[in-house]
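Keeping the supplied structure of chain L fixed, place chains Z and U upon it in accordance with the hints.
Each chain is listed here by its residues.
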Amino acid sequence: MSAPSAPKTSPGNFFEDFRLGQQIRHATPRTVSVGDVALYQGLFGGRFAVQSSDIFAQNIGFPKAPIDDLLVFHIVFGKTVPDISLNAVANLGYADCRFLKPVYPGSTLNAVSEIIGLKENSNKKTGIVYVRSRGFDDAGDAVLDYVRWVMVRKRDETAPAPGEEVPELQKSVEPARLGGSCPKINGPAYDNVLAGSSHRFGDYKVGEKIDHVDGVTVEYRSAPQASTTGCCTRSNVITDGSSASTSTPVSTAISSPPVSTATCRSSRSWPSTTRSDRSTTSPRSRRRSAPLRPRRCSTATPCRLRAGSICASYGRTST
Amino acid sequence: MSAPSAPKTSPGNFFEDFRLGQQIRHATPRTVSVGDVALYQGLFGGRFAVQSSDIFAQNIGFPKAPIDDLLVFHIVFGKTVPDISLNAVANLGYADCRFLKPVYPGSTLNAVSEIIGLKENSNKKTGIVYVRSRGFDDAGDAVLDYVRWVMVRKRDETAPAPGEEVPELQKSVEPARLGGSCPKINGPAYDNVLAGSSHRFGDYKVGEKIDHVDGVTVEYRSAPQASTTGCCTRSNVITDGSSASTSTPVSTAISSPPVSTATCRSSRSWPSTTRSDRSTTSPRSRRRSAPLRPRRCSTATPCRLRAGSICASYGRTST
Amino acid sequence: MSAPSAPKTSPGNFFEDFRLGQQIRHATPRTVSVGDVALYQGLFGGRFAVQSSDIFAQNIGFPKAPIDDLLVFHIVFGKTVPDISLNAVANLGYADCRFLKPVYPGSTLNAVSEIIGLKENSNKKTGIVYVRSRGFDDAGDAVLDYVRWVMVRKRDETAPAPGEEVPELQKSVEPARLGGSCPKINGPAYDNVLAGSSHRFGDYKVGEKIDHVDGVTVEYRSAPQASTTGCCTRSNVITDGSSASTSTPVSTAISSPPVSTATCRSSRSWPSTTRSDRSTTSPRSRRRSAPLRPRRCSTATPCRLRAGSICASYGRTST
Numbered sequence: 001m002s003a004p005s006a007p008k009t010s011p012g013n014f015f016e017d018f019r020l021g022q023q024i025r026h027a028t029p030r031t032v033s034v035g036d037v038a039l040y041q042g043l044f045g046g047r048f049a050v051q052s053s054d055i056f057a058q059n060i061g062f063p064k065a066p067i068d069d070l071l072v073f074h075i076v077f078g079k080t081v082p083d084i085s086l087n088a089v090a091n092l093g094y095a096d097c098r099f100l101k102p103v104y105p106g107s108t109l110n111a112v113s114e115i116i117g118l119k120e121n122s123n124k125k126t127g128i129v130y131v132r133s134r135g136f137d138d139a140g141d142a143v144l145d146y147v148r149w150v151m152v153r154k155r156d157e158t159a160p161a162p163g164e165e166v167p168e169l170q171k172s173v174e175p176a177r178l179g180g181s182c183p184k185i186n187g188p189a190y191d192n193v194l195a196g197s198s199h200r201f202g203d204y205k206v207g208e209k210i211d212h213v214d215g216v217t218v219e220y221r222s223a224p225q226a227s228t229t230g231c232c233t234r235s236n237v238i239t240d241g242s243s244a245s246t247s248t249p250v251s252t253a254i255s256s257p258p259v260s261t262a263t264c265r266s267s268r269s270w271p272s273t274t275r276s277d278r279s280t281t282s283p284r285s286r287r288r289s290a291p292l293r294p295r296r297c298s299t300a301t302p303c304r305l306r307a308g309s310i311c312a313s314y315g316r317t318s319t
Numbered sequence: 320m321s322a323p324s325a326p327k328t329s330p331g332n333f334f335e336d337f338r339l340g341q342q343i344r345h346a347t348p349r350t351v352s353v354g355d356v357a358l359y360q361g362l363f364g365g366r367f368a369v370q371s372s373d374i375f376a377q378n379i380g381f382p383k384a385p386i387d388d389l390l391v392f393h394i395v396f397g398k399t400v401p402d403i404s405l406n407a408v409a410n411l412g413y414a415d416c417r418f419l420k421p422v423y424p425g426s427t428l429n430a431v432s433e434i435i436g437l438k439e440n441s442n443k444k445t446g447i448v449y450v451r452s453r454g455f456d457d458a459g460d461a462v463l464d465y466v467r468w469v470m471v472r473k474r475d476e477t478a479p480a481p482g483e484e485v486p487e488l489q490k491s492v493e494p495a496r497l498g499g500s501c502p503k504i505n506g507p508a509y510d511n512v513l514a515g516s517s518h519r520f521g522d523y524k525v526g527e528k529i530d531h532v533d534g535v536t537v538e539y540r541s542a543p544q545a546s547t548t549g550c551c552t553r554s555n556v557i558t559d560g561s562s563a564s565t566s567t568p569v570s571t572a573i574s575s576p577p578v579s580t581a582t583c584r585s586s587r588s589w590p591s592t593t594r595s596d597r598s599t600t601s602p603r604s605r606r607r608s609a610p611l612r613p614r615r616c617s618t619a620t621p622c623r624l625r626a627g628s629i630c631a632s633y634g635r636t637s638t
Numbered sequence: 639m640s641a642p643s644a645p646k647t648s649p650g651n652f653f654e655d656f657r658l659g660q661q662i663r664h665a666t667p668r669t670v671s672v673g674d675v676a677l678y679q680g681l682f683g684g685r686f687a688v689q690s691s692d693i694f695a696q697n698i699g700f701p702k703a704p705i706d707d708l709l710v711f712h713i714v715f716g717k718t719v720p721d722i723s724l725n726a727v728a729n730l731g732y733a734d735c736r737f738l739k740p741v742y743p744g745s746t747l748n749a750v751s752e753i754i755g756l757k758e759n760s761n762k763k764t765g766i767v768y769v770r771s772r773g774f775d776d777a778g779d780a781v782l783d784y785v786r787w788v789m790v791r792k793r794d795e796t797a798p799a800p801g802e803e804v805p806e807l808q809k810s811v812e813p814a815r816l817g818g819s820c821p822k823i824n825g826p827a828y829d830n831v832l833a834g835s836s837h838r839f840g841d842y843k844v845g846e847k848i849d850h851v852d853g854v855t856v857e858y859r860s861a862p863q864a865s866t867t868g869c870c871t872r873s874n875v876i877t878d879g880s881s882a883s884t885s886t887p888v889s890t891a892i893s894s895p896p897v898s899t900a901t902c903r904s905s906r907s908w909p910s911t912t913r914s915d916r917s918t919t920s921p922r923s924r925r926r927s928a929p930l931r932p933r934r935c936s937t938a939t940p941c942r943l944r945a946g947s948i949c950a951s952y953g954r955t956s957t
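Protein chains in written order, with the working numbering: chain L, 1 to 319; chain Z, 320 to 638; chain U, 639 to 957.
Keep in mind that the hints were calculated from the coordinates and are not lab data.
Values in this document were obtained by computation on a predicted structure and should not be read as measured data.
Every residue gets a Cβ at the ideal spot worked out from N, C-alpha and C, and that includes glycine.
A hint or two may mislead.
Unchecked claim - Label-pair distances were calculated between CB atoms; the ranges are:
| # | chain 1 | residue 1 | chain 2 | residue 2 | range |
| --- | --- | --- | --- | --- | --- |
| 1 | U | K763 | L | T9 | 42 to 48 Å |
| 2 | U | D829 | Z | R496 | 58 to 64 Å |
| 3 | L | A142 | Z | S329 | 57 to 63 Å |
Only chain L is shown next, with the shape it has when bound in the complex (with noise of 0.2 Å):
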């Protein structure tokens, strides 16, 4: 115990340090719990019948509501952060993501990757990592698979790069190798009145513009010396997919697949427009009628996504 200790906080994985068909488990398996589900509704606002409602659930054909797929994506993803991303500099998109198998609290989440491809800049500081990342459930049976990457850092320029390797990545998800996560759904018994809607598959179509009226307030920081500089105008946002991006890089919408474009909405910035007060302090004619303010971003927006990297869910509503 008198020799000098390791380095007790982990520097992370620099561009470098990646090899080609490397594998990575990640830390730290997580029992998901309807604490963590009720968190992330409380933060996200998600309210789908299937997962907010173990009769709605039932009914249709899932033994009980099962975890929102996006949760199990952000867990997922969240795992792969100190192994992948630790020194990135951007989050440049997502791929092929699939959801495979319906997750319930109780489950217990872990996470591998594998290194797919890598693809040094011409400025010898940075470069692209390719890599696979999937989610397993405790009985070892994959629940989430999906491609990302990122612009990671060098630890020292002169480093040969670990490889050159650029995957082929398809456009879009086939619809055929979608609905892992979605049990036979028993369509007659679907609630449209609970489920607050009516639109079914066949009420979407392909290059339908849909406005998600009300949006939610993304609180500024309030620290004095927090810069507003930095903020992503809005067309950036939508277009620019070299520079960095924010930390979420996942749309909640479900759209029918396959999609090819995404669009990153405004919430407009009123003092008070979040849903929940909507209906006591501002008339609704209002905030419609008035224009959309220039977006500024706070580092919690979700506000890129890349055409063809879409994460496509779908499953809610049956055919």
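Quick look at chains Z and U alone, frame taken from chain L:
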């Protein structure tokens, strides 16, 4: 799929859309979990022994700790908003609110409303909607019943009023109609020390003023563009029934029914007078002797109750 | 019911109200749920594999994932506040803190304290209360035991001191008295990769300094009237034992006992250096090379520990 698709976002009901006697089933059913209970306790600070401890609850006659009545109210109320008050200008009042059956974690709640009154305002721009809402558990039993009235905008000012009927509402709830959510309690087993209070039903009297010292600081909106105008003053919060109210007009006070007045206390705006930190940062005497500063409300402040419209809940102390 | 009723809000105990040897049963018992665990993990960021995964916990000898010792501490400590430190001026220290039995979701905790020391300060305005507090589960078994001392105001400066007795407290907890909350662990089954660290008991040494890179930004109070005076500086936070402390004086560090010093690290006040977003917004090198800015504490910062008074918990790595 080439026909124009229907708008996917509900504009909500306007005053002229309601009909007397109309029945509305609300989305979204929700299985209430211990996660929801934890969030509620964390946010609202309720620390009733019966609702906090399965053992305490069992000792006095519950099968386990029931869910706080007001969480049941919030959940049921929340489900009515998309159908009733999406276009509301002002939330006006509540009456005849009764909790009818205890709700436990794992129960699935849904809500149904009936339009019991309609009255157009003289400006023809708005009208008052009177609605009786009820919450049901998955056994189909009513757990909550209350009347609410709310001012709702018209879509079209030239539209004829959908009816004119102002229901007669009770000024207070008769004690004999209360108590449904409470089983027959084993009074002697109620442990005053563990409950944190020796005050029982007979220790309260009509007209008694209770000073709930030490409020919770309501955080100000931090966005640069946030306005401080529109903040309510102490007087108009309490007395002006026609002004726009804030989002959650339900008192957490437990009163001996019937009760006919409600007071709205300001949380004194000290930098750090939340309950949890007061023991170390704010000597009690200093706070007590300081003059009450003018109130500045945030939109999250529950601050208005009409006389005669209180949600009364008892059963937490045995008689 | 016409007699004047008793005040309904407890003023708390003042220094002269305590008696040597006094036993206090605290309100409110609480059944700790997976919801509470989810909130705790979300707020404090603990990601220990044993506490996060039922499967991981079972593999090494627990029946399921236990509740984090420090959540047990927070719950038990919180129950003592209304009786012990409602009129406290300063929280002074902790000693002999031991976790005695694992606690699992569904357990109901309650707390009992004994006054073991009293010492009036020379100014006659305050005195120091030494208290031993213990938490019990619903089987009646002690799960936590610790001593705390706290400076409490007198109600009446002319009141005589209620006693004078300063207990002898151990400078550290003997290892042989620790470990009660941990079962006999199956060491070889402890998976370092899933745990996220290869460091075991033998890898730490007395006096070793660990740089916990990447703090969590403590949000500033955003109210216009919030003062930035009164913020502590790095030095007085650590060394001035007589100044008023902040609300949660418990370190989350796990140390090899016995430990006799504690350090209070500043979270560097970058706009976005929370752990979860660092991969995409803050290149690691930039943060590391930047000078440490003066610390500005919010009241939520846990920032003071006295030498010799650390709550030591081990059992998370097997030996």
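Evaluation of the provided hints:
no., hint, in the structure
1, K763/U with T9/L: 42 to 48 Å, "holds, 45 Å"
2, D829/U with R496/Z: 58 to 64 Å, "holds, 59 Å"
3, A142/L with S329/Z: 57 to 63 Å, "violated, 37 Å"
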